[in-house]
Structure formats: structure tokens, C-alpha cells
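**Student:** Residues per chain, in single letters:
2 protein chains.
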Amino acid sequence: MLKSVHPVQKRLPELVSEQIKELIASKDLKIGDKLPNEFDMAEQLQVGRGTIREAVKILVSQNILEIRRGCGTFVSERKGIMDDPLGLWIIEDKQKLALDLCQVRLMLEPQLARLAAQNATDEDIAQLWKAAKAVEEKIREGKNHSDEDIYLHVLIANISHNEVVTKLISVIQSAVYLFIKITKSILREETIQTHEAIVSAIANKDAVAAENAMRKHLLLNQSQILNK
Amino acid sequence: MLKSVHPVQKRLPELVSEQIKELIASKDLKIGDKLPNEFDMAEQLQVGRGTIREAVKILVSQNILEIRRGCGTFVSERKGIMDDPLGLWIIEDKQKLALDLCQVRLMLEPQLARLAAQNATDEDIAQLWKAAKAVEEKIREGKNHSDEDIYLHVLIANISHNEVVTKLISVIQSAVYLFIKITKSILREETIQTHEAIVSAIANKDAVAAENAMRKHLLLNQSQILNK
Chain D
1 MLKSVHPVQK RLPELVSEQI KELIASKDLK IGDKLPNEFD MAEQLQVGRG TIREAVKILV
61 SQNILEIRRG CGTFVSERKG IMDDPLGLWI IEDKQKLALD LCQVRLMLEP QLARLAAQNA
121 TDEDIAQLWK AAKAVEEKIR EGKNHSDEDI YLHVLIANIS HNEVVTKLIS VIQSAVYLFI
181 KITKSILREE TIQTHEAIVS AIANKDAVAA ENAMRKHLLL NQSQILNK
Chain B
1 MLKSVHPVQK RLPELVSEQI KELIASKDLK IGDKLPNEFD MAEQLQVGRG TIREAVKILV
61 SQNILEIRRG CGTFVSERKG IMDDPLGLWI IEDKQKLALD LCQVRLMLEP QLARLAAQNA
121 TDEDIAQLWK AAKAVEEKIR EGKNHSDEDI YLHVLIANIS HNEVVTKLIS VIQSAVYLFI
181 KITKSILREE TIQTHEAIVS AIANKDAVAA ENAMRKHLLL NQSQILNK
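Order-wise, the sequence lines are chains D and B. Under UniProt numbering, the residues of the first sequence are numbered 1 to 228, in order. Under UniProt numbering, the residues of the second sequence are numbered 1 to 228, in order.
Just chain D, same shape as in the assembly (with noise of 0.2 Å):
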């Protein structure tokens, strides 16, 4: 199970495919750029235009690239950020995987409170404090409130500056909707309170109540899936 990574032997569509990236990094492509035409790309890559087809179809199944309609082929805001993209829906046990998402969240959140309220400018600050309130509000309103909630953590870890941490934040966030049935409305107003205390602490710049806060409001979750 603990295999190597080296890529295996490539078809034709999956090597131009790679070449299409180093495109857009060297052209500079940002999300939402469109791309060049088919016709044109095939010219460049000196392949047949059906190659260029199936490797916009590998792209576009990795989130990489999205075909608007009548439109032409654009670089996706997913970033190539896939749904599931660790291959967590192999993990048949759903409330074993519950407590190892919480678990690797407990290694790495109270770090990023921590960083957060260290590094917080005043617009992070009122960015989270309009985040919290979002989340606040669907709970009230008794809504699914998982977008606002991963908005926020995702937010904080974005404070850091740590591309790579924040990619994983959002990936492990997501995960936790994409796989947990979450538990019912109990959490709820403790999901209140311990997110003011976080963001609260992140605006004081007090960085060991932002690290507790944060330990916390994820022990409170842990303790709820254990008792499920």
C-alpha cells in the first residue's frame, strides 16, 4: 500500500495534457483566462486536434479546465482542486474517518489561529468577523451553514500565507461535507460561541487564546462524534 509515486508509462492525451499545463503557467493564465483555441493549440503542441480534445477532457475531469459552451475552454476557478483528492471515499469506516479528519485538523488549526493572530491585518480581521457573522446567520435561519463554515476556516488559514496549508484546510474542510453526515443541531450554538472566541482572540492579536479557542471549538466536535 505504501507505493512509490513515480508516474507510471503515459498515453499520448495525458503527455499533452501536462504540456497544456506548462502552457498556462508560462503564459501566465490566471483563472477564468480563456484558452487558445483547439486548432491553434493543436498547431503549437504539433498534434491532431483530436489529442488536444481528449486532453482537455483529462483537464477538465481534474478540475483544471471547465468548456463553456459555445464559449471555448477556460482555466477553472477549482483550481485542480478535485473534490476528493486524498481518495478518502475508499475509507469504508465513515465514523473512523470523522475522528481522523478531526484528528489532523487538531494538529494543524490551533497552529493557524495561533499564526493568524500573529499575522492578522485589519482587513483579515473584518473579513472573519463578517465570516463568523455568515455562518451565525445560516444557523439561525436553521440552514445548511457548511459553505460558511469552511469559508472561515479556510479564511483563518489563509492568514498564514502558506499556500499549501491552505489548499489542505479547504481540502480536509471539504471533506468533512463531503463524507460526515453531520450530527444534528446540537453543536449549534456552541459553533457560535467558539467561532467568536477564535475570531475574537485573532482581533486581540492574543495568540494562545486564539491557539485554545481554536483546540476547543474542534475538541467540542471530536467529543460530539465520539458520542454519536
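Please keep in mind that the hints were generated in silico from the structure rather than gathered at the bench.
Note: identical chains are not told apart, hence a pair may lie in one copy or across any two.
Taking lysine-lysine pairs in the DSS-like style, the calculated list, with each CA pair at most 27 Å apart, reads:
1) K96 <-> K30
2) K205 <-> K96
3) K133 <-> K216
4) K34 <-> K94
5) K133 <-> K205
6) K57 <-> K21
7) K57 <-> K34
8) K27 <-> K96
9) K130 <-> K216
10) K96 <-> K21
11) K94 <-> K21
12) K30 <-> K94
13) K138 <-> K216
14) K21 <-> K34
15) K216 <-> K96
16) K133 <-> K143
17) K94 <-> K27
Computed from a predicted structure; not experimentally measured.
Place chain B on chain D using the hints.
**Tutor:** Leaving out everything else, chain B in the frame of chain D:
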């Protein structure tokens, strides 16, 4: 940039690819197991064979399935983990990426070394020594030791019995070798020594020493990147 992760509208082959994943899970197919043939899957999922073929292609590009010519379609050894599941290729500043990866490792791996010291069985410890020796041999032979290095760190993560963290470490470690031009051989002797210190501490069940040894190992890496 901090977009919601809710899936956009899906095409039929994508929906069928989801169903094939469910089929694999429900039939409890393991890595290397063979899938039913195109014909049977088409009948079972009530779609055309062309759609099945498209869906299989998607799953192949996601490293979930692999096609062995003249033999059939199998559950891939790569378990749906992509070469670059976090979409790190889009980060242009590779020096910054190297530091970000190192910072994430510093957040996770010392904790994992501590857990390993607490949980390792005699068999785990024997495996760790073997893995550390394999890295040392490659270094002494002047050969590329990336696979052996990744394997050792993933083994340590694996002792936590947390499948999420094991996958994360595998992804992070692989990214180091995918994206970062590894610095000259300056660190080779230090790598051998610090690996030995980590495994030694785990073998002695000394959690604090294991955590510190891993931290030292990673801090040496970090200063190497900064001095480049």
C-alpha cells in the same frame, strides 16, 4: 479564490463514474481487483457501453482505475491519489512552495513522530530501521533516494493509524520531489544521522526525543532551502 466546493452540474459519464466508485465500495473491491466487464457494467448501470468507456477513462485519469491491455479494468494501486492532488503546480514561486511545504511538515511530522514513539509495535520498529537503512544505502551509493525517503516518512505517519494523515504525508512528501529541485548533496550525511535519531527515539519509546529529532531534521531542511 475561496470558492465553495459544491459540485457544478455533471455530465452523464461523470455521474456514471461516481456510480462505478460506489460499485467498487459496495462490492468491497480491493486494490488490484478486476472490475466486471464493460458489457455487465453497462447492463447493471443501465447505460450504453460508450458511457461506461467514458466513465472508466475519467476514473483512470483520477488514478482510481487502471486498464491492463487485453486483460481488463482493475482497481488502481494508486488509490485515487493524483500526482498533484492539491493543484500545487499552479504556484509559480517554487522557492516559496518549498518553504510552505516545509512549514506544513513542521506542523505535522513532529507530532506524528511523538505518536509513533507512543504507539509503535516491535514490528513497526523493525520496519522503520529497515526503511532508514534503505535511505542510507541509496545515499552512500550516490543514488536518488526520494522513494526511500518518502517511504520512511509515510511509515512513521502510518503508525498513527490515522489514514487521513498518512495520505497527507504521502502527498506532501511527493510534492517535495515533484516540484522542488533537491539541493546538492550537502544534507546527505545529516539526513542519515537525523533519520537514525528519529527511529532511535521511536524505538526507545521516547516521545519527546522523537518529536525533537523530527523537528531538527525538518529545520535542517528548512535552513537548506533558505540558504540556497
